[in-house]
Amino acid sequence: MVKGKVTIGKVLIFILLLVLGLAAILPLYWMVATAIQHPTLTMQFPPEWIPSNPTLNNFRSFFTRPHVWNWTLNSIVVATSVTVLQVFLAALAGYTFAKKRFFGDQFLFWLYVGSMMVPDQVTLIPLYLLMSKLGFLDSYKGLILPGLAGPFGVFLMKQHMSTLPSELLDAARIDGCGEWGIFQRVVLPLSKPGIAVLAIFTFVGQWNAFIWPLIVTSSSAMRTLPVGLALLQEEVPMQFALLMAGATYAAIPMVIVFLSFQRYFLEGVTVGALKG
Amino acid sequence: MGKIWARIKKDKWAYLFLLPSFIFFGTFFLFPVVWSIFLSFMDYQVWGSSFVGLDNYREILSDRIFWISLRNNFFYALGVVPLWLGKALIISALIFPFRKSIQTFFKAVFYMPHVTSAVIISMIWLWIYNPPFGLLNYILSLFGRPGVAWLGNTKTALPAIIAQTVVMGGGSSIVLISAAMNGIPTHLYEAAELDGASKLVTWFRITLPLLRPTILYLVVMGTISSFQVFTQVYTMTKGGPQFATTTIVYLIFEKAFQNFRFGPASAMAVVLFAIVFCFAIIQFKWLGEEIEY
Numbered sequence: 020m021v022k023g024k025v026t027i028g029k030v031l032i033f034i035l036l037l038v039l040g041l042a043a044i045l046p047l048y049w050m051v052a053t054a055i056q057h058p059t060l061t062m063q064f065p066p067e068w069i070p071s072n073p074t075l076n077n078f079r080s081f082f083t084r085p086h087v088w089n090w091t092l093n094s095i096v097v098a099t100s101v102t103v104l105q106v107f108l109a110a111l112a113g114y115t116f117a118k119k120r121f122f123g124d125q126f127l128f129w130l131y132v133g134s135m136m137v138p139d140q141v142t143l144i145p146l147y148l149l150m151s152k153l154g155f156l157d158s159y160k161g162l163i164l165p166g167l168a169g170p171f172g173v174f175l176m177k178q179h180m181s182t183l184p185s186e187l188l189d190a191a192r193i194d195g196c197g198e199w200g201i202f203q204r205v206v207l208p209l210s211k212p213g214i215a216v217l218a219i220f221t222f223v224g225q226w227n228a229f230i231w232p233l234i235v236t237s238s239s240a241m242r243t244l245p246v247g248l249a250l251l252q253e254e255v256p257m258q259f260a261l262l263m264a265g266a267t268y269a270a271i272p273m274v275i276v277f278l279s280f281q282r283y284f285l286e287g288v289t290v291g292a293l294k295g
Numbered sequence: 176m177g178k179i180w181a182r183i184k185k186d187k188w189a190y191l192f193l194l195p196s197f198i199f200f201g202t203f204f205l206f207p208v209v210w211s212i213f214l215s216f217m218d219y220q221v222w223g224s225s226f227v228g229l230d231n232y233r234e235i236l237s238d239r240i241f242w243i244s245l246r247n248n249f250f251y252a253l254g255v256v257p258l259w260l261g262k263a264l265i266i267s268a269l270i271f272p273f274r275k276s277i278q279t280f281f282k283a284v285f286y287m288p289h290v291t292s293a294v295i296i297s298m299i300w301l302w303i304y305n306p307p308f309g310l311l312n313y314i315l316s317l318f319g320r321p322g323v324a325w326l327g328n329t330k331t332a333l334p335a336i337i338a339q340t341v342v343m344g345g346g347s348s349i350v351l352i353s354a355a356m357n358g359i360p361t362h363l364y365e366a367a368e369l370d371g372a373s374k375l376v377t378w379f380r381i382t383l384p385l386l387r388p389t390i391l392y393l394v395v396m397g398t399i400s401s402f403q404v405f406t407q408v409y410t411m412t413k414g415g416p417q418f419a420t421t422t423i424v425y426l427i428f429e430k431a432f433q434n435f436r437f438g439p440a441s442a443m444a445v446v447l448f449a450i451v452f453c454f455a456i457i458q459f460k461w462l463g464e465e466i467e468y
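Protein chains in written order, with this note's numbering: chain A, 20 to 295; chain B, 176 to 468.
FYI, nobody ran anything at the bench for these hints, they're computed from the structure.
Check before you lean on any hint, since a few could be wrong.
Claimed, not checked - Derived DSS-like pairs: lysine-lysine, alpha-carbon spacing no greater than 30 Å straight-line: (1) A:Lys211 - B:Lys275; (2) B:Lys275 - B:Lys262; (3) A:Lys118 - B:Lys185; (4) A:Lys152 - B:Lys413; (5) A:Lys160 - A:Lys211; (6) B:Lys374 - B:Lys262; (7) B:Lys185 - B:Lys374; (8) B:Lys184 - A:Lys118; (9) B:Lys185 - A:Lys119; (10) B:Lys374 - A:Lys29.
Same shape as in the complex, but just chain A:
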């Protein structure tokens, strides 16, 4: 197949793709357009595709709502801690499964892989009861700890680290490098691309997580952004300009992350064949 040749057919396909692409992100555009629209103008026909008199007042009124800053802080704290800890735990375990042979290795790895087939919802009720017994409900511990348990990161890291040349690790061992030193000074630096993929997917996943934060938190100040927004939607269901301002505010960080690390996202989908 000849690539790069420009024909009329290709131009038409390109235009068709542009139209389809625009349709796919139209809802996101509509969110932003409503967020900068005057609230009264959202309640009139016909709607304005491009707000004639854009305003930031909706954002101002969103920030005057109670606990918006707490939600933001909670989302940042939870997503960051889970990402850092998850990457560390998964890298260590993934390296062990990839490069070490030990008693029970196959059984343990099978346990991790098999667990990826278990839907998260199966653990919701016991996790809630466990957190309640530990006194971790409505706290950072309750929000963060289950995020460290998922088997996916270990699997992804194992896949990635299996490709590292074993000779390199042996050479480091001969040079008198300790086991921890090998991991820290040889394995980790060489695994940066894999770690980046895991870190980005974990961060986005945690930032957008919904059902667990909804269940484990109960006070308004402990909510994360998605949960806070969903509850705001229940409280003021018809104030779409305000709601879209909040939605835009919560969506923007992830769009920035996506645009800056786009390559890793597209790579991560292929490498790990992630769900979603």
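For this one, chain A is given, so just place chain B on it according to the hints.
Quick look at chain B alone, frame taken from chain A:
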């Protein structure tokens, strides 16, 4: 025993490296999974639980709403998965003839909604579906059609949620299908071109059969994730109107965290587990087959 102990001692670094991850995996994943199965046979009360055998299962199987939620979920999966896949196959085929950079650009555009939380997407669609002022009814009015209360009507509520999921989804399927398409050897296409096969025939006779493993994988994963749908239902309809959009996970949530009936809710979770497990088996059985060019 001494022998095993000696091996464990020899491999102490491996166990030490595995331990941190395993503590969390064991405590907050394996243990809850086992506990969940136990709970499904218990009458759970804060002051003490008792073993009730299959009572919870009997209760949910005679619960009309549980069957409605199963039906809704199958309907949702049957709507979402083929449409997702069709959308992804068409778009992958359309972007395939272009340069790498253009392909990446379109992949990024279609992937974009995936990084936005399902809550936000659902809020946007609540606005688009809004009966008096929403965008959809406005567009319909341009064609002289009357407005519809999309989410307030038992006939349209579930299809509306399906449509929303299809429009926003499929991005990662496009990435996977494109990757698989790039793996197909070009000499097959050259041969087809020499034989004078049209683009459409080539796609049906060469591309589609060779994409079979990827498609099977996407069908299975798509079905599994369809059975876990929750956020859209919670944000947009709360399972209504009249249970028209109640899905299994939503019902589990309601039973457990609004009615605090942990036993029957756990039984439902075990049923969900069983359904997902069946699909996973299908994948394991057939995905092993490698394609030879």
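The hints, checked one at a time:
1. A:Lys211 - B:Lys275: It holds: about 24 Å lies between the C-alpha atoms, which stays within 30 Å.
2. B:Lys275 - B:Lys262: holds (20 Å)
3. A:Lys118 - B:Lys185: holds (15 Å)
4. A:Lys152 - B:Lys413: Distance ~29 Å between lysine 152 (chain A) and lysine 413 (chain B) Cα, so the pair holds.
5. A:Lys160 - A:Lys211: holds (28 Å)
6. B:Lys374 - B:Lys262: holds (18 Å)
7. B:Lys185 - B:Lys374: violated (61 Å)
8. B:Lys184 - A:Lys118: holds (18 Å)
9. B:Lys185 - A:Lys119: Holds. Lysine 185 (chain B) to lysine 119 (chain A) sits at ~12 Å (cutoff 30 Å).
10. B:Lys374 - A:Lys29: holds (13 Å)
When each numbered hint is compared with the structure, a violation occurs for hint 7 only.
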